[in-house]
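A.B. asks: One-letter residues, chain by chain:
Number of protein chains: 2
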Amino acid sequence: MADWQVIEGGVTAPRGYQGAGIAAGLKPSQELDLALIFSETEAIAAGVFTTSKVRAACVDYCRQRLQAKRSARAILCNAGQANAATGEQGWQDALSSAQLLGNSLNIPPDTILLASTGVIGKSIPMDRLGKAIPQLTGALTPDGSDAAAKAILTTDLVPKSIALETIIDNRPVRMGGIAKGSGMIHPNMATMLAFITCDAAVSTSLWQEMLTEAVGHSFNQVTIDGDTSTNDTVIALANGQSRTKAITTLEKDGEKLAAMLVSLCQYLAKAIARDGEGATCLIEVQVSGAPDQKAARQVARTIAGSSLVKAAIFGRDPNWGRIAAAAGRAGVPFHQDQLRIQLGDFLLMENGQPLPFGREGASNYLKLAAAGAYLQEDTVLISVCIGNGAGTGVAWGCDLSYDYVKINAEYTT
Amino acid sequence: MADWQVIEGGVTAPRGYQGAGIAAGLKPSQELDLALIFSETEAIAAGVFTTSKVRAACVDYCRQRLQAKRSARAILCNAGQANAATGEQGWQDALSSAQLLGNSLNIPPDTILLASTGVIGKSIPMDRLGKAIPQLTGALTPDGSDAAAKAILTTDLVPKSIALETIIDNRPVRMGGIAKGSGMIHPNMATMLAFITCDAAVSTSLWQEMLTEAVGHSFNQVTIDGDTSTNDTVIALANGQSRTKAITTLEKDGEKLAAMLVSLCQYLAKAIARDGEGATCLIEVQVSGAPDQKAARQVARTIAGSSLVKAAIFGRDPNWGRIAAAAGRAGVPFHQDQLRIQLGDFLLMENGQPLPFGREGASNYLKLAAAGAYLQEDTVLISVCIGNGAGTGVAWGCDLSYDYVKINAEYTT
Numbered sequence: 000m001a002d003w004q005v006i007e008g009g010v011t012a013p014r015g016y017q018g019a020g021i022a023a024g025l026k027p028s029q030e031l032d033l034a035l036i037f038s039e040t041e042a043i044a045a046g047v048f049t050t051s052k053v054r055a056a057c058v059d060y061c062r063q064r065l066q067a068k069r070s071a072r073a074i075l076c077n078a079g080q081a082n083a084a085t086g087e088q089g090w091q092d093a094l095s096s097a098q099l100l101g102n103s104l105n106i107p108p109d110t111i112l113l114a115s116t117g118v119i120g121k122s123i124p125m126d127r128l129g130k131a132i133p134q135l136t137g138a139l140t141p142d143g144s145d146a147a148a149k150a151i152l153t154t155d156l157v158p159k160s161i162a163l164e165t166i167i168d169n170r171p172v173r174m175g176g177i178a179k180g181s182g183m184i185h186p187n188m189a190t191m192l193a194f195i196t197c198d199a200a201v202s203t204s205l206w207q208e209m210l211t212e213a214v215g216h217s218f219n220q221v222t223i224d225g226d227t228s229t230n231d232t233v234i235a236l237a238n239g240q241s242r243t244k245a246i247t248t249l250e251k252d253g254e255k256l257a258a259m260l261v262s263l264c265q266y267l268a269k270a271i272a273r274d275g276e277g278a279t280c281l282i283e284v285q286v287s288g289a290p291d292q293k294a295a296r297q298v299a300r301t302i303a304g305s306s307l308v309k310a311a312i313f314g315r316d317p318n319w320g321r322i323a324a325a326a327g328r329a330g331v332p333f334h335q336d337q338l339r340i341q342l343g344d345f346l347l348m349e350n351g352q353p354l355p356f357g358r359e360g361a362s363n364y365l366k367l368a369a370a371g372a373y374l375q376e377d378t379v380l381i382s383v384c385i386g387n388g389a390g391t392g393v394a395w396g397c398d399l400s401y402d403y404v405k406i407n408a409e410y411t412t
Numbered sequence: 000m001a002d003w004q005v006i007e008g009g010v011t012a013p014r015g016y017q018g019a020g021i022a023a024g025l026k027p028s029q030e031l032d033l034a035l036i037f038s039e040t041e042a043i044a045a046g047v048f049t050t051s052k053v054r055a056a057c058v059d060y061c062r063q064r065l066q067a068k069r070s071a072r073a074i075l076c077n078a079g080q081a082n083a084a085t086g087e088q089g090w091q092d093a094l095s096s097a098q099l100l101g102n103s104l105n106i107p108p109d110t111i112l113l114a115s116t117g118v119i120g121k122s123i124p125m126d127r128l129g130k131a132i133p134q135l136t137g138a139l140t141p142d143g144s145d146a147a148a149k150a151i152l153t154t155d156l157v158p159k160s161i162a163l164e165t166i167i168d169n170r171p172v173r174m175g176g177i178a179k180g181s182g183m184i185h186p187n188m189a190t191m192l193a194f195i196t197c198d199a200a201v202s203t204s205l206w207q208e209m210l211t212e213a214v215g216h217s218f219n220q221v222t223i224d225g226d227t228s229t230n231d232t233v234i235a236l237a238n239g240q241s242r243t244k245a246i247t248t249l250e251k252d253g254e255k256l257a258a259m260l261v262s263l264c265q266y267l268a269k270a271i272a273r274d275g276e277g278a279t280c281l282i283e284v285q286v287s288g289a290p291d292q293k294a295a296r297q298v299a300r301t302i303a304g305s306s307l308v309k310a311a312i313f314g315r316d317p318n319w320g321r322i323a324a325a326a327g328r329a330g331v332p333f334h335q336d337q338l339r340i341q342l343g344d345f346l347l348m349e350n351g352q353p354l355p356f357g358r359e360g361a362s363n364y365l366k367l368a369a370a371g372a373y374l375q376e377d378t379v380l381i382s383v384c385i386g387n388g389a390g391t392g393v394a395w396g397c398d399l400s401y402d403y404v405k406i407n408a409e410y411t412t
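Protein chains in written order, with numbering that gives the first Met the number 0: chain A, 0 to 412; chain B, 0 to 412.
Honestly, the hints are just simulated from the structure, not real lab data. Careful: at least some of the hints might be erroneous.
Which chain B residues stay away from chain A? Per the calculated CB distances, all over 10 Å, these [to be verified]: (1) D2; (2) E7; (3) G8; (4) N105; (5) T247.
Cβ pair distances, simulated, as ranges [as the list claims (entries may be wrong)]: (6) G129/A x D336/B: 22 to 30 Å; (7) D2/A x Q375/B: 57 to 65 Å; (8) L249/A x L156/B: 56 to 64 Å; (9) N169/B x Y401/A: 52 to 60 Å; (10) G330/B x L94/A: 26 to 34 Å; (11) Q292/B x Q134/A: 49 to 57 Å.
Cβ atoms here follow ideal geometry from the backbone N, Cα and C, with glycine treated the same way.
Take the sequences, apply the hints, and build the full model.
C.D. replies: In structure tokens form, the structure reads like this:
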């Protein structure tokens, strides 16, 4: 079982971090819109970024910075403007943002990482940012995680935050994370962002390896509407302030730290799915029997991303036919006569055929009603077995509601 | 320009075909639900089927039949039950359906092709089918295309039918097609089906080659919700009754016939997109500048399939940011500073940057209003150029509306 516990404090739970979130006037709503995470000492830094060919300036900036030097002191994030499709000016604005913050914190600009979320094609109002930076750095506190978690949101309904603690070398080692999503993973006001802090001592390359692996098992398995943002960013810092000896391999303590990072990322990923635009529930899809993990994850993601499955769940309809069809088109070979589908505890299909659980008959009606009742829960578990393979995988999504259409049809104009 | 004209008559426009559509009591609604297309002489037959690993019995049946013998006399299609996920019984029902029709028409069962559309996991009520077959064959007439076109529908709002005529060897050569889609391409009550008849004389392998190519440029470029059905089927017959000499290569007459087939399939594909569940408009996405055709089609399909683009169009919002983001995640490499996006006649983005067409300012407001007005049209054209390549491609879709969610949330229960 998990060898760690949940603690308070978000990204400022690990030693040596401070956080801040302020209203800088970047969002028309006057809500919090500028976040800062600060490490009191140099931290090693890892990042995973959008694979889109259309990328925000901050993404190009971070990738370049991390290629040159895998460490950082601070993460600055603005909400309201994506600074994507803003050309040379966007790049200059990114550089200026780092310079402004560096001056205020008295640290080199190249120790600052950047993230933006908001409307594509909108530049950051640099005059407002410039005026806000001193206020932002002045607001840094060791319990500033909540303010930062709020300041990175856009259409999200709730902040997403978690912190975990384990024991390594008889000393507490902590990890914290905040995230935003919503129309996930979507290009306008709902980029997927996650910022993770940790006070473990870990080697640079191992930390990047752990983060890439954890993202594959978490954020990359979340689908709200299948759209990838120009700004998707996950950044993880580790500053060694737990004062344990350095972790350099995936054995023992390394394995524990990696597993804790996966758990933390999965918590945030599920929180993003549950808070998807218009969502009324979280959908978790567990796939087993696949040739390998990759294939299992692919099938899980296809089911979780199917508009028809999502609409059926919104309608509280135990529609195994749509689940079977989504599995069938996932691009993973299997024999349909081995397909098994379960909704919560209800076995709906076995050996590729529906169980006597139709839409007629008294006892069938009772079962259908019970399955429909299960769908009233705020978490819906779909389990699918596609064969005899050892590959398993999980994906998360949310249902497709009228409100999703409303939010996305009426957003910009 | 096109070397053919539109004529009346659908699938019975070509010489030597009859059609019928009756209400066999398969749909609870008592609407037409059983269709027959009959060729008075043996016709060569080509087919393209769903790539899903979960396939209906009729799909397995047709693939086996066409592998054994590339000719047919009739296509039987029922609406109401998909006969998918019905196991051995489903397979036996398919065989029995062909046997029943063969007896009634006095033709060998292996000259009959089958298609089904409806609820997955539902078997065809064979007693009702058996009683209806004599009535169906008795209803065959040389102008029965409209009845057949209606009988293959499920949640579609309108029948989809077209016929074209050209001149080859100084003789008229005709081609007709009917189709259904709707929640396209989707597993419950909205499989994509198309049946095509032709009176050209053409070699068997060339006809299959022409059909595969035409499907790639038409039906495979339509996306309503990204879901592939267990039952997707396109069947094309050619019976040689035009009495022209046989076409055996893609030169001259062969090229003309192939182009006419693409045009016919594109007409039906667009009709399917326009009638997508809950759709208020047709979206056509034209992509140019890609490395090759395949890449261009991929980008076009990704944009046409983006839930965010679709919701924006439903909201009449000229949201180029979502179009750019969808292009960026299509898996085709390009430089974002070469991206150009046009909506109808409105140039929204050039060299990867939005034109002065923002959300503030008087003249911008006028342009925005004009673009919004353009989006009131019932066909919306999105043109995207991603670079200097020669590859072009088109895809079609429809907007994402409240009604899509309503139809799919409330369908089975």
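A.B. asks: Against this structure, judge whether each hint is valid.
C.D. replies: Results for each hint:
| no. | hint | in the structure |
| --- | --- | --- |
| 1 | D2 | holds, 37 Å |
| 2 | E7 | holds, 36 Å |
| 3 | G8 | holds, 34 Å |
| 4 | N105 | holds, 35 Å |
| 5 | T247 | holds, 35 Å |
| 6 | G129/A x D336/B: 22 to 30 Å | holds, 27 Å |
| 7 | D2/A x Q375/B: 57 to 65 Å | holds, 60 Å |
| 8 | L249/A x L156/B: 56 to 64 Å | holds, 57 Å |
| 9 | N169/B x Y401/A: 52 to 60 Å | holds, 58 Å |
| 10 | G330/B x L94/A: 26 to 34 Å | holds, 30 Å |
| 11 | Q292/B x Q134/A: 49 to 57 Å | holds, 54 Å |
When each numbered hint is compared with the structure, no violation occurs for any of them.
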